[in-house]
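Student: Start from the sequences, fold in the hints, and give me the full structure.
First to last, the protein sequences are chains A and B. Position 15 of the first sequence, counted from 1, bears residue number 15 in this note's numbering, the numbering being contiguous throughout. Position 13 of the second sequence, counted from 1, bears residue number 13 in this note's numbering, the numbering being contiguous throughout.
In short, the hints are calculated from the structure, not lab data. Among these hints, one or two may not hold up.
The list treats identical chains as interchangeable, and a pair is accepted whether it falls inside one copy or across any two copies.
Distance condition first, Cα-Cα at most 30 Å in a straight line; then the derived DSSO-like pairs of lysine-lysine [to be verified]:
(1) 424 / 231
(2) 390 / 353
(3) 7 / 390
(4) 208 / 231
(5) 94 / 208
(6) 208 / 353
As the structure is a prediction and not an experimental result, all values here were calculated from the model.
The residues making up each chain are set out below.
Number of protein chains: 2
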Amino acid sequence: MTNPLHKELAHLLGDRFTISDYERQQHGQDESALPPMLPDAVCFALTTEEVATIVKLCAQHQTPVIPFGAGSSLEGHVFAPHGGITIDLSRMDKILRVSADDLDCTVQAGVTRQQLDQHLRQQGMFFPVDPGADATFGGMASTRASGTTAVRYGTMSDNVLALTVVLPNGQTIQTGTRARKSSAGYDLTHLFIGSEGTLGIITEVTLKLQGIPEAISAAVVGFADLDTAVKAVTEIRQSGIPVARIEFLDDVMVQAINQFANLNLPEQPTLFFEFHGSNNTVQESAKLAAEITHAWSGSDFQWATDIGERNALWKARHNAYFAGLAFRPGSRSLTTDVCVPISQLADCIIQTKADIDASGLTAPIVGHVGDGNFHLLLLVDPNKPDDLTKAAQLSERLVKRALTMGGTITGEHGVGLGKMKYMKAQHGEEALAVMHAIKQALDPQNLMNPGKMLPPLE
Amino acid sequence: MTNPLHKELAHLLGDRFTISDYERQQHGQDESALPPMLPDAVCFALTTEEVATIVKLCAQHQTPVIPFGAGSSLEGHVFAPHGGITIDLSRMDKILRVSADDLDCTVQAGVTRQQLDQHLRQQGMFFPVDPGADATFGGMASTRASGTTAVRYGTMSDNVLALTVVLPNGQTIQTGTRARKSSAGYDLTHLFIGSEGTLGIITEVTLKLQGIPEAISAAVVGFADLDTAVKAVTEIRQSGIPVARIEFLDDVMVQAINQFANLNLPEQPTLFFEFHGSNNTVQESAKLAAEITHAWSGSDFQWATDIGERNALWKARHNAYFAGLAFRPGSRSLTTDVCVPISQLADCIIQTKADIDASGLTAPIVGHVGDGNFHLLLLVDPNKPDDLTKAAQLSERLVKRALTMGGTITGEHGVGLGKMKYMKAQHGEEALAVMHAIKQALDPQNLMNPGKMLPPLE
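Tutor: Printed below as a string of structure tokens:
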């Protein structure tokens, strides 16, 4: 080992520092279809103090630092286009504190959402944000993740009270307190949420929790076409019915999950509903929602009343990504997401489906329609370069369509490497310059996850 | 008029530019007890473009710029400690767009919450955030305001989708889209929310709206002591009962509003509840909440079922500030707020009441207890300098108590001039340095509302 930084890190971390090809490979890829880009070395940190020391050493040696959680990102967030040191936080997996009185908890960045969920369920609480993968909280905060319950409980942006962050200079800060709200100064918590490791490394996360509702019920409704499905969703939202989840699956996605999860749902545009509350509220909400979907010619509510049936349904929904992959065995997925105002959602999906049909690709659609957010799983054959080109072009047209409709280039996946090229179209040159000014102010050496999110200024 | 900047502004704005003593006086004070600090001149802007031109001219002349909405701030936010130009945005009062399908709207910064409310009610919608004053949306966004419904609907931090902001260099940016969520880059919307005009001037605000619930009911419950009142609130929160408002008034505040609003509530620690939802949900929620308060020895729910009675009750609550002032005729109020984790709230209020009693001052307490946030109206006789000293000391002890308990120096009033001295104690030197770095990056000449929020680095 001749690299002086590597020597110092090996001295600090022992066998938790490695330059093995295997670990570099594991840490230079994610769930995207982008070609891997490997770091020079990987550190497994156990504490905030260790992360701070690693970051300080990297700053001294002007070496890039890339944080890594579960590796489940979809836009190359964890890649190392400029080499450098990956800090794997997955061993920082301690649940540090849970308060039932305050409905909050603090976890290390490497705790995963399913790990926390198991811990909290015993105490009658849960954390609502549920991206498809069993992501870490550091990663979920860094990408401003959300999931199926955002329509009721919000995204990571709404559910984090405070962060512990190691800054590019190696100093450690707390971005907030355990108070539910504060008007004391710039909102550093929200600045670091969604900053994708480009301003510092999140090492601890303080989360808002929810009490487990007395009753939960789920239902499935099929529609003859997409437009009426979305109109039903719009009316349900306006009526103020407290829906915990409203998920849309197109006919192709229903086929895929039928095959994958051994279900036999009618293969048509479909809404999955979930209601949380007291027994009475849940019954009433479901009744009102059923009336509205019925008025829009939806099928009768198919109920999943017992917990086993309900879990099977939602597990199938959560496994949509894998169901999509299995739908075309041997394929990879170029997975993309956009979010538009709800009034534009039906048009956006209809135009996108026409575009998919014209391309000859298979691309199941699944969406958090209560938020106007949907995903395309563009299935590509790795042996057909033409597939990837077509998929990339289709994805680009989707992003532009979303922008034209007043939406955003990504609702919950983040920018990473994959969507950097659209940042100017979304934000404009002046707002992008503000982001650059912030980056430059906090990370003047450009060492924190460099080459991601912010395209160079022209 | 010899000042060259004043000449240019007068040329631009005609009689919407003034150096009159009257307007300078009106714009150099707010609802705080701090002594006024006047700007050199006042501009009344009508459009974002005008604000941008004024800011550019001020930048060329290295002259401070202070945004002004309703003047209802409580910590000297609108004061001009370094002179300069105040931009009054109150005439930017256009509601630009309302979408019932998307439940959102865009307003100019000078629109007030009551103005928007009147407009929306006709269309079956409302905007929930309700600070005591009839503040402007520019001001509410700038101070990260909240109010009585935050426990259900969140604060300005949770209810703004996007902002139009004039930057210190005179460029105009959009900080977001109308999509409900986005993972595309740094969260500039949340950076400007709560930035108190120190990073730029908010000229337009895009807000999330709510459908007016089918049913609303309100109730009042008295408690023998504060501790049991807060324990009841904690249990109600844990049980997940959807309460729209839970307000706490101490015995002194109940006396004050009884006198002011001609009510005859029992003069003891009191909770005001409001429930929003369907008829059934509201009834059920109220029943469950009543069971819990009863178990904690609260009085029977006193119902305000009809709209007139309910409005009278909540108007009395909203007028708490004026009721407090009227309680000691001729007094001014040093109004302060803190927010602590709910588990600490009872202790914090009990210790604070003991401190008030020891000081000999009168200080009604009112709180958004569902959030752990409460206000002290420290009533001082302007002719007794000793009163103001005592009040300032009491306020300082309260802030320190909140910090010790893991809370924040201000839950919703903001920092302004009044709480600048506590910023380091809350955030620590390193986090404060991050805020300074952002300020320096965006406003290198320090012209945007200078001398506020951020204390000089040591």
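Student: Are the hints correct? Go through all of them and say.
Tutor: Status of the hints after comparison with the structure:
1. Proximity of residue 424 and residue 231 under a CA criterion of 30 Å is satisfied in neither setting, with 32 Å inside one chain copy and 51 Å between copies.
2. Taking the shortest alpha-carbon separations for residue 390 and residue 353, only the intra-copy value of 14 Å comes in at or below 30 Å, while the best inter-copy value is 69 Å.
3. In the homo-oligomer, the alpha carbons of residue 7 and residue 390 never lie at most 30 Å apart, since the shortest distance is 46 Å inside one protomer and 60 Å across protomers.
4. In this homomeric assembly, residue 208 and residue 231 come within 30 Å of each other (Cα to Cα) only across copies, at 19 Å, whereas the closest approach inside a single copy is 32 Å.
5. For the homomeric pair residue 94 and residue 208, the shortest alpha-carbon distance inside one copy (17 Å) is at most 30 Å, but the shortest distance between copies (36 Å) is not.
6. Taking identical chains as interchangeable, the C-alpha atoms of residue 208 and residue 353 lie at most 30 Å apart only when they sit on different chains, with a minimum of 29 Å there against 37 Å within one chain.
In summary, the numbered hints that this structure violates are 1, 3.
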